[in-house]
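Trainee: Chain by chain, the residues run as shown.
Protein chains: 2
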Amino acid sequence: MATEVNDGVAAAVSEVNGGDVEKTVVTFTAVKPKVFVEASKVAEAVAFYKGAFGAEEVNRVNHPKRKADQELPVLVSAEVKIGSSSVIVSDVSEDSSATEKGVGSGLVFCLETEDIEAAVETAVKAGAVADGEITEGEGACYGGRVGKLKDPYGVVWTICTPTEKKCGDVEA
Amino acid sequence: MATEVNDGVAAAVSEVNGGDVEKTVVTFTAVKPKVFVEASKVAEAVAFYKGAFGAEEVNRVNHPKRKADQELPVLVSAEVKIGSSSVIVSDVSEDSSATEKGVGSGLVFCLETEDIEAAVETAVKAGAVADGEITEGEGACYGGRVGKLKDPYGVVWTICTPTEKKCGDVEA
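So the sequence lines, in the order shown, correspond to chains B and X.
In this text, residue positions in the first sequence follow the UniProt record's numbering: the first is 1, and each later residue adds one.
In this text, residue positions in the second sequence follow the UniProt record's numbering: the first is 1, and each later residue adds one.
Check before you lean on any hint, since a few could be wrong.
As the list claims (entries may be wrong) - Only pairs whose alpha carbons sit at most 16 Å apart, straight line, appear in this in silico EDC-like list of lysine to aspartate or glutamate:
| hint | chain 1 | residue 1 | chain 2 | residue 2 |
| --- | --- | --- | --- | --- |
| 1 | B | Lys-50 | X | Glu-121 |
| 2 | B | Lys-65 | B | Asp-95 |
| 3 | X | Lys-150 | X | Glu-133 |
| 4 | X | Lys-125 | X | Asp-95 |
| 5 | X | Lys-50 | B | Asp-95 |
| 6 | B | Lys-41 | B | Asp-95 |
Hints in this document: simulated from the structure, not taken from any laboratory.
The task is simple: from the sequences and hints, build the whole structure.
Mentor: Laid out in structure tokens, this is it:
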């Protein structure tokens, strides 16, 4: 197949006003689709994906304030790996990137890069619409930085710090 | 990171009635999220993802009957790679796996494996609901075999022949 690409490296070129070409090279590590489940069902869904698709849990994010003896579960999101791909399962009630579509097939893509500002800027120049400012402490892992975009086709993209960085100190 | 997994290999264990454990090993190569756009906008969306996120087009599927001079576009779906991950952009009007949610964030996962029957069987034992029989000629590439499932959380999964196999003879 003549489709070999350099994993993890992508370059974007955008034209700025006046006709000058400004080249911004943004490196993305991965696109991770995020699916939403009801508040108490992250652990149950992860168990299901293990049994159904042989998923492996590779990251989990616990709520910073909840304790194990409280009614609400400690686990708010988990990343599972199926084959070479990752999917994030997230508690819809705790996730600010959840769309109005709610649980199930309401999709958000997490696009991981170190350079969130440049990534958002390039996408907006290409026609995406930024949704608010870049924030901290939201998204798949508490503590990461996240920019949010809507593309011209209705898909929501969050531009996020890579999981390995922001989740480095999270209990596995 | 202590999360290294063997890419492309997943094992699923399911318990059958009577308490016997039946081990079915299904190997998945990748999970590819599929997003839906209006009929005439696949090419436009691919161009956008190239500009916005540095995507590379790695596969395209042309309609088997349309010609370049017809009103409807020849291109019905394309796979783009962003970082190490693939996303499939599909014409909603030509794709039987499109959900009732329509364009934008209506998500379907394409889960690629050589062993579609075993994958569907394992997932159904784990609690997924099969949607119809395994069919041919639908999905991302015409000619591939596809099983369709809905999981307990409302997410639609299509179990598909890997792209490299079924798209091997498609014009790039």
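Trainee: Which numbered hints are broken by the structure, listed smallest first?
Mentor: 4, 5
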